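Starting from the known structure of chain A, arrange chain B on it as the hints suggest.
Chains as they are written, first to last, in the working numbering: chain A, 1 to 286; chain B, 287 to 578.
Honestly, the hints are just simulated from the structure, not real lab data. None of the values given here were measured: they were computed from a predicted structure. A portion of the hints provided could be inaccurate.
Unchecked claim - Here are the simulated lysine-lysine pairs, DSBU-like style, with alpha carbons at most 35 Å apart: (1) A:K145 <-> B:K379; (2) B:K379 <-> A:K211; (3) B:K348 <-> A:K145; (4) B:K537 <-> A:K276; (5) B:K348 <-> A:K65; (6) B:K406 <-> A:K211; (7) A:K276 <-> B:K545; (8) B:K498 <-> A:K145.
Unchecked claim - Partial pick of chain B residues on the chain A-facing surface, computed with a CB cut under 10 Å: (9) A326; (10) Y369; (11) H389; (12) E481; (13) D489.
C-beta atoms are modelled at their ideal positions from N, C-alpha and C, and glycine is treated no differently.
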Amino acid sequence: MEIAVISGKGGTGKSSISAAFATLKQGVALADCDVDAANLYILFSPTHEEEEVYIAGHKAIIDYKTCTHCGLCADYCRFDAISLDNGRITISEISCDGCFLCSRVCPTRSISMIMNDRSRMYSGSFRNGKMVHGRLAPGEENSGKLVNMIRNKIKQVAEDNNLDTIILDGPPGIGCPVISTIAGVDRVVIVTEPTGSGLHDMQRVVELVRKFNREPYIIINKHDLNPEMSVNIYEWATANGLEVAGHLPFDPAFVDAMLQQKTIVEHLPGSETSLKLRTIWNKINT
Amino acid sequence: MMKIAIASGKGGTGKTLVSTNLFSILSGKGYKVSLVDCDAEAPNSVAFFDVKLVESTEVYHKVPVIDTSKCTFCGKCQEYCNYNAIFLLPPVKIIQTMEDLCHGCGACSVACAHNAISEKEVSLGQVKTFSTRGKPSIVEARMNIGVMSPVPVIKRAIREADSPSGYILLDSPPGTSCPFVQTVATADFVVLVTEPTPFGLSDLRQSVETLKGMGKPCGVIINRAGLGNGMVQEYLTRENIPLLAEIPFDKRIAEYYSKGVLVHTQCPEVEQLLVNVFDIIIRDHGDSSNKR
Numbered sequence: 001m002e003i004a005v006i007s008g009k010g011g012t013g014k015s016s017i018s019a020a021f022a023t024l025k026q027g028v029a030l031a032d033c034d035v036d037a038a039n040l041y042i043l044f045s046p047t048h049e050e051e052e053v054y055i056a057g058h059k060a061i062i063d064y065k066t067c068t069h070c071g072l073c074a075d076y077c078r079f080d081a082i083s084l085d086n087g088r089i090t091i092s093e094i095s096c097d098g099c100f101l102c103s104r105v106c107p108t109r110s111i112s113m114i115m116n117d118r119s120r121m122y123s124g125s126f127r128n129g130k131m132v133h134g135r136l137a138p139g140e141e142n143s144g145k146l147v148n149m150i151r152n153k154i155k156q157v158a159e160d161n162n163l164d165t166i167i168l169d170g171p172p173g174i175g176c177p178v179i180s181t182i183a184g185v186d187r188v189v190i191v192t193e194p195t196g197s198g199l200h201d202m203q204r205v206v207e208l209v210r211k212f213n214r215e216p217y218i219i220i221n222k223h224d225l226n227p228e229m230s231v232n233i234y235e236w237a238t239a240n241g242l243e244v245a246g247h248l249p250f251d252p253a254f255v256d257a258m259l260q261q262k263t264i265v266e267h268l269p270g271s272e273t274s275l276k277l278r279t280i281w282n283k284i285n286t
Numbered sequence: 287m288m289k290i291a292i293a294s295g296k297g298g299t300g301k302t303l304v305s306t307n308l309f310s311i312l313s314g315k316g317y318k319v320s321l322v323d324c325d326a327e328a329p330n331s332v333a334f335f336d337v338k339l340v341e342s343t344e345v346y347h348k349v350p351v352i353d354t355s356k357c358t359f360c361g362k363c364q365e366y367c368n369y370n371a372i373f374l375l376p377p378v379k380i381i382q383t384m385e386d387l388c389h390g391c392g393a394c395s396v397a398c399a400h401n402a403i404s405e406k407e408v409s410l411g412q413v414k415t416f417s418t419r420g421k422p423s424i425v426e427a428r429m430n431i432g433v434m435s436p437v438p439v440i441k442r443a444i445r446e447a448d449s450p451s452g453y454i455l456l457d458s459p460p461g462t463s464c465p466f467v468q469t470v471a472t473a474d475f476v477v478l479v480t481e482p483t484p485f486g487l488s489d490l491r492q493s494v495e496t497l498k499g500m501g502k503p504c505g506v507i508i509n510r511a512g513l514g515n516g517m518v519q520e521y522l523t524r525e526n527i528p529l530l531a532e533i534p535f536d537k538r539i540a541e542y543y544s545k546g547v548l549v550h551t552q553c554p555e556v557e558q559l560l561v562n563v564f565d566i567i568i569r570d571h572g573d574s575s576n577k578r
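Same shape as in the complex, but just chain A (with noise of 0.2 Å):
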């Protein structure tokens, strides 16, 4: 069973949660793919037993020995990556998109593409299975293909050692590292909260998961902060044929269990919160 937890809206408590998801039973797969703002690793202390390296694409350099700057290349790009300022040609590393097509079109063949290789992937163990994680170098793009990367490394994991339950913590949004978090797996659990961009963010992403037939699961968290919009949520999400898995009260030990470096359910497995992460994920189990 491969288990998405995502949100839409950032900072819902998708990674509270999906913590307290990875302890709940004994012996988990758990995959941190918000390579932006991984942040699993400081409650688990994983083991760094592999490192490898992404290359998140490719960024063009211009060797100025042989640069005539005719501006061909400028002509060329789509993505508002070269300029041709007072006859001198620049590529902005921040726009390039890795394409190459200037490199090509080059007359004087004066633009190599060389390989973005900041960004890695770290495999090991924590104290409850194992664990796979990225980390994207700062303003790298195609985070998909690593979290397509880190799916499958988990996957192998699991598969190596007989952990029939992968927990995958996503990205925020809509875009690519979503869509590679969500493509194919057997359960997608929203987390929302009673705001207005909570529910705005919730419905796109919901949209976004259902054009890979899945039917999501959802739980509102903190919905005491704003009972009204809890209700709303929840009547949209069941007008939509969506099932409520569960509701959690706003609840500060989140923020103390993260302090002592543990999950909700391990700092303080009795109480209501933790009871209900309980009930909500032997609901999605099922």
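Relative to the frame of chain A, chain B by itself:
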């Protein structure tokens, strides 16, 4: 003109709270100011204001259309494509564009020597301009669901909002990858909003390191101060990064925000904090041509 980006590594720390309230406060004080919602995957700023849609521009990119009657299945376009967006099986004469993978770079059209590739426009999202108090002042980048990258829509929205004078606030997407970098690259100053928790600190560190690499000045607002511990303050002191404000953890603020109410209209202390933030930024990084 001065551009201030409001960003955070971690999602949900209060970026939109800060940018919408700061925008409201400054326009209330008579400043020439506009707000650009660059969080194109999850745009939420507009909902806090009474707005009128002034203009909506569709953002497209060009994807190849292959004419199989002219195609010789030579494979040159596939060789040029760096995104694996062309699927080709020469023995059975099958060639197909994988539109989801295409970045619209145009390399395949250049590669084709048989004039078999033309292009069509595919929508990536919209850039919408809204007016508040009768003046166009909020620009929203909104990516279509199913599109891979928000970057083209974000770039277009920032261009759309460009103005020779006044202040532009950029509500940035979370994270430190391409969408964040594209947004902050154009800014004169970056306000990082974090929360005083280990997750907040870990993501803040990454944002700070990314901005250092880009040579961008930044300052930090700690939101929900009182929750968590003092690790963020210690980090800021150690790294010599200005702490612009601490917004206390207060259930009332969370409730107002969740109801779509601008918090500064109900909590004068939050308004004062944000006014101070703005004053600090102008004092230390402002451009003298920018008077109200």
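| query | Within 35 Å, alpha carbon to alpha carbon, are K537 of chain B and K276 of chain A? | reply | This hinted pair holds, its Cα atoms lying about 22 Å apart.
Starting from K379 of chain B, check that the Cα of K211 of chain A is at most 35 Å away, please. Within the cut-off at roughly 30 Å; holds.
Margin query: With the threshold set at 35 Å, check whether the alpha-carbon distance from K145 of chain A to K379 of chain B stays at or below it.
Written below: At roughly 29 Å apart (the allowed maximum being 35 Å), K379 of chain B and K145 of chain A satisfy the hint.
Run the distance test for K276 of chain A versus K545 of chain B: straight-line Cα separation, threshold 35 Å. holds, 26 Å
So, E481 of chain B near chain A? Judge it on the closest CB pair being under 10 Å. holds, 8 Å
Using the nearest Cβ pair, does Y369 of chain B come within less than 10 Å of chain A? holds, 8 Å
Pair hint K406 of chain B and K211 of chain A, alpha-carbon separation not exceeding 35 Å:
holds, 23 Å
inquiry  = Next pair to validate is K348 of chain B with K65 of chain A; report whether the Cα-Cα distance is within 35 Å.
reply    = holds, 34 Å
Next on the checklist: What's the verdict on K498 of chain B and K145 of chain A, does the C-alpha distance respect the 35 Å limit or exceed it?
Outcome noted: OK: K498 of chain B and K145 of chain A at ~26 Å, within 35 Å.
Review point. Should the interface hint for D489 of chain B be scored as holding, given a Cβ-Cβ cut-off of 10 Å against chain A?
Key: holds, 4 Å
Was the hint right that A326 of chain B lines chain A, CB cutoff 10 Å? Holds, about 9 Å.
### Query
Given the hint that K348 of chain B pairs with K145 of chain A, does the C-alpha gap stay at or below 35 Å?
holds, 22 Å
The structure is consistent with each of the numbered hints, conforming to all of them.
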